[in-house]
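Given next are the chains, with one letter for each unit.
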Amino acid sequence: MYEGAVQDLIDEFGRLPGIGPKSAQRIAFHVLEADRADMDRLADAIRAVKDKVKFCAVCFNVSEQELCNICRDPKRDETVLCVVEESKDVMAVERTRSFRGRYHVLGGSINPIAGIGPEQLHIRELLNRLHDDTIEEVIIATDPNLEGEATSTYLARMLKSLGIKITRLASGLPVGGDLEYADEVTLGRAFEGRRSAIG
Amino acid sequence: MYISHLSLTDFRSYAQADLELSPGTTVLVGANGVGKTNVAEAIGYLATLSSHRVTSDAALLRFGTERALVRAQVVRTTQTTSVELEITRGKTNRVRINRANPVRSREILGIVRTVLFAPEDLSLVKGDPSSRRRFLDDLLVVLQPHQAATRSDYERVLRQRNALLKSARAAGKLTSNHEATLDVWDQHLAQAGARVLRGRFDVLSQIGGPLAAAYASLTDGSKIAAAHYRSTVVSDIDDDGDADIPLDGPPDTLLEATASQLQERILAALAAKRQQEVERGMTLVGPHRDELQLTLGGVPAKGYASHGETWSLALSMRLASYQAMLDDDPRPGAGPILILDDVFAELDSDRRARLAKVVADAEQVLVTAAVGADVPDSLKGHVLRVVPGRIEPAPEEPGA
Ligand SMILES: Nc1ncnc2c1ncn2[C@@H]1O[C@H](COP(=O)(O)OP(=O)(O)OP(=O)(O)O)[C@@H](O)[C@H]1O
Ligand SMILES: [Mg+2]
Ligand SMILES: [Zn+2]
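These protein sequence lines map, in sequence, to chains L and P. Just so we're aligned: 49 in my numbering is position 49 of the first sequence, and the numbers increase by one with no gaps anywhere. Just so we're aligned: 323 in my numbering is position 124 of the second sequence, and the numbers increase by one with no gaps anywhere.
Just so you know, not all the hints are guaranteed correct.
Stated by the list, open to error - Stretch by stretch, here's where chain L covers chain P in the computed footprint (C-beta under 8 Å, at least three residues): (1) 353-362; (2) 374-380; (3) 560-572.
Claimed, not checked - Computed spacing ranges between beta-carbons, pair by pair: (4) Ser171(L) x Pro499(P): 38 to 48 Å; (5) Arg358(P) x Met1(L): 26 to 36 Å; (6) Gln272(P) x Ser98(L): 18 to 28 Å; (7) Ser171(L) x Glu378(P): 23 to 33 Å; (8) Arg252(P) x Lys54(L): 50 to 60 Å; (9) Thr374(P) x Leu162(L): 19 to 29 Å; (10) Thr374(P) x Asn69(L): 53 to 63 Å.
If you are wondering where the hints come from, they were derived from the structure by calculation, not from laboratory data. Where a beta carbon is used, it is the ideal one built from N, C-alpha and C, also for glycine.
Hey, can you work out the whole structure from these sequences and the hints?
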C-alpha cells in the first residue's frame with residue numbers, strides 16, 4: 001500500500017476496464033513522473049468529456065448536443081435502423097460506409113453473470129422508436145459472441161410481432177470477438193449478406 | 200504415429216530435457232518422484248491440451264518459472280511435423296507448427312494422438328459422472344478436433360443461464376422479464392447442448408463394440424462390458440448419476456436422434472423442470488448432468504465391481520478409445536501413441552501379460568515404471584533411466 005494520493009490513483013485506474021493491479025500501478029507512477037502540463041491536459045480532457053459529452057436523446061450514441069450528428073443528419077435513411085451494443089460499434093459500422101440508416105445503441109448486451117438483463121439496456125426506448133411505421137427494417141448488429149447472440153435472439157423474439165423486417169448480420173465475423181475489431185471489409189460484407197433474424 | 204524427438208524446457212521438474220525416441224516400446228524406469236509421469240504428462244498435453252493430473256496449467260511450469268516449452272517431432276505415416284507448445288503463466292498458450300508463426304494452441308489438436316493409461320483411470324469406473332463425461336468429450340475432440348469449441352460454448356451458455364436462475368431465485372419469483380430472458384438462454388442452451396449430445400453419441404457408437412472386445416481380451420470373457428448413456432434430457436438422474444430407469448428397460452431412441460430433434464428434447468425437458476430450476480437456482484437438465492453408466496454382465500460397475508474388475512474395465516475404456524482412433528484413421532503409421540504410466544504395478548501377472556499382448560501392436564508405446572521388473576518382458580524394448588531432472592540411456596541389464 002502506498003500513501004494516500006498515490007494509492008487513490010492506483011485504485012482509480014484499477015477500476016478501469018482492462019486494467020489489472022500491475023498496470024494500474026505502472027500508469028499511476030507514469031502520471032507521477034510525467035510532465036505537469038501533459039497531465040493537466042489529460043485531466044482537462046477527462047473533465048471536458050464528462051461536462052460536454054452526453055448521450056443522444058434518441059439513439060444513445062455519444063453526442064455533444066441533445067441529438068447526435070447522425071440523428072440530426074436529414075440525408076440519413078430513416079427507414080432503416082441498426083442496433084448496436086456500444087457507441088464504438090457505431091464508429092465501426094460508419095467506417096464501412098455501407099450503411100446509410102440510423103442507429104440505436106443498447107448500452108451493452110444481456111449478460112446475467114454481469115447482472116445485465118434487458119431492463120438495463122435501452123430496449124424500451126427501441127420499442128418506442130418502432131411505434132410509428134417510419135422504420136421498415138431493423139438490422140441487429142450485436143457482437144458476434146454468446147452475449148451478443150443472446151441479445152439478438154431476445155430482440156428478434158420481441159420485435160417479431162411488430163411486422164417489421166428484422167435482419168441479423170451475416171456470419172463470417174470473427175466469432176467470439178467484438179464488432180469493433182472486425183475490419184471494414186469483413187463488416188461491410190456482413191451488412192451486405194444480412195439475413196432474416198426470425199425463424 | 201510416433202514421436203522421434205521430445206524436448207522439455209521448464210516443464211514440471213525439468214529445466215531442460217531432450218529425448219530421442221523410436222518406434223516400438225520405450226520403458227522409462229526410475230525411483231518414485233524422479234519425473235517419469237512428468238514426461239507422460241507432457242506428451243499427453245500435446246495431444247489434448249490438458250493434463251491428466253491437474254486442471255490448471257500453473258502446476259506444469261517448473262517452480263519459479265513463467266513459461267514452459269514442450270517441443271516434439273511427430274511422424275505420422277510418412278509425414279513429419281514439428282510442434283512447439285508454449286505454456287505461459289496467466290496468458291493464452293500458443294503453438295508453432297513446423298516453425299511457422301505462433302498461433303493459438305488449439306491448432307495443435309489432431310496432430311498428436313495419444314492414449315494415456317494412468318492410475319487415475321480407476322476414477323473412470325469409480326469416480327463421479329464428470330470423469331466419464333470428460334472421457335467422452337475428450338475422445339470427441341480427438342476424433343473431431345473442430346468440436347473443441349462445442350464444449351466450451353456449452354459451458355459458457357450454462358454459466359450465463361445459471362447466473363440468471365440464481366438471480367431469479369434471489370428475487371423470490373420468476374418475473375416476466377426473467378421468463379423472457381430465460382427463454383432466450385433455453386434456446387441457446389438447447390442448441391449448444393444438442394451439439395454436445397450428438398458428438399457424445401457419435402463417440403459412443405464408435406466405442407461400444409471395442410469396449411466389450413477389450414474387456415473380453417483382458418479377462419476370461421465371462422462378463423460382458425457395456426456403456427449406457429443416461430441422459431437428464433429423458434429421465435431423472437440424481438446428483439450421483441443414478442438414473443431412475445431400469446437397466447433392462449427399452450433401448451433409448453435418443454442415441455439416433457438428429458441434432459435438431461435433440462434440441463427439441465432439451466427444450467421440452469427444460470420447460471418441464473423450469474419451476475424446480477428456479478427453486479434451486481441452477482440448470483438441472485442437459486449434458487453437464489448426464490451419466491455414462493458402465494456395466495459388467497448387466498450389473499452396474501460402480502459400487503459393485505471388484506477391484507480387479509474395476510481395473511480391467513478402466514483399461515478397457517482406454518483400449519476402446521485406442522481402437523476408435525485406429526478405426527478413425529486406419530492408415531499404417533497413423534495410429535495413436537500409447538502411454539502406460541505406472542499401470543503394470545497395479546495389475547496381477549495374468550492381467551499384465553494380457554495387457555502387454557494387446558498393446559504390443561501399437562507403433563509406439565511408452566511405459567513408465569518405478570520397478571523395471573513390473574514390466575512384462577515382452578514389452579521391455581528400449582529402456583531409459585530417469586533420475587531427477589534428467590533422462591539417460593540405461594546400463595545394459597536394467598532394473599531386473
Ligand atoms: N512444477 C514443478 N516444478 C518443479 N518440480 C515439480 C513440478 N511439478 C512436479 N514436480 C516434481 O516432480 C516430481 C514428480 O514427478 P513425477 O510425478 O513425474 O514422478 P514419477 O517419476 O512419475 O514418480 P512415481 O513413480 O511416484 O509415479 C516431484 O518430486 C515433484 O516435486
Ligand atoms: Mg508417476
Ligand atoms: Zn442519435
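Hints, one by one, checked against the model:
1. Residue count for the region 353-362 of chain P with a Cβ under 8 Å from a Cβ of chain L: 6. That meets the three needed, and the coverage hint holds.
2. Only residues whose C-beta sits within less than 8 Å of a C-beta in chain L count toward coverage, and the region 374-380 of chain P has 4 of them, enough to reach three; the restraint holds.
3. Coverage of the region 560-572 of chain P by chain L is violated in this model, with 0 residues showing a Cβ closer than 8 Å to a Cβ of that chain against a need of three.
4. In this structure the hint that Ser171(L) and Pro499(P) lie 38 to 48 Å apart at CB holds, the actual value being about 44 Å.
5. With their beta carbons about 34 Å apart, Arg358(P) and Met1(L) fall inside the hinted range of 26 to 36 Å.
6. At roughly 48 Å, the beta-carbon separation of Gln272(P) and Ser98(L) lies outside the given 18 to 28 Å, and the hint is violated.
7. The given range of 23 to 33 Å is respected by Ser171(L) and Glu378(P), whose C-beta atoms sit roughly 29 Å from each other.
8. One distance hint, 50 to 60 Å for the beta-carbon pair Arg252(P) and Lys54(L), holds here, with the actual separation near 55 Å.
9. Range check, Thr374(P) to Leu162(L): Cβ separation about 23 Å, and the 19 to 29 Å hint holds.
10. A beta carbon spacing of about 38 Å between Thr374(P) and Asn69(L) contradicts the range 53 to 63 Å that was offered as a hint.
Comparing the model with each numbered hint stated earlier shows that hints 3, 6 and 10 do not hold.
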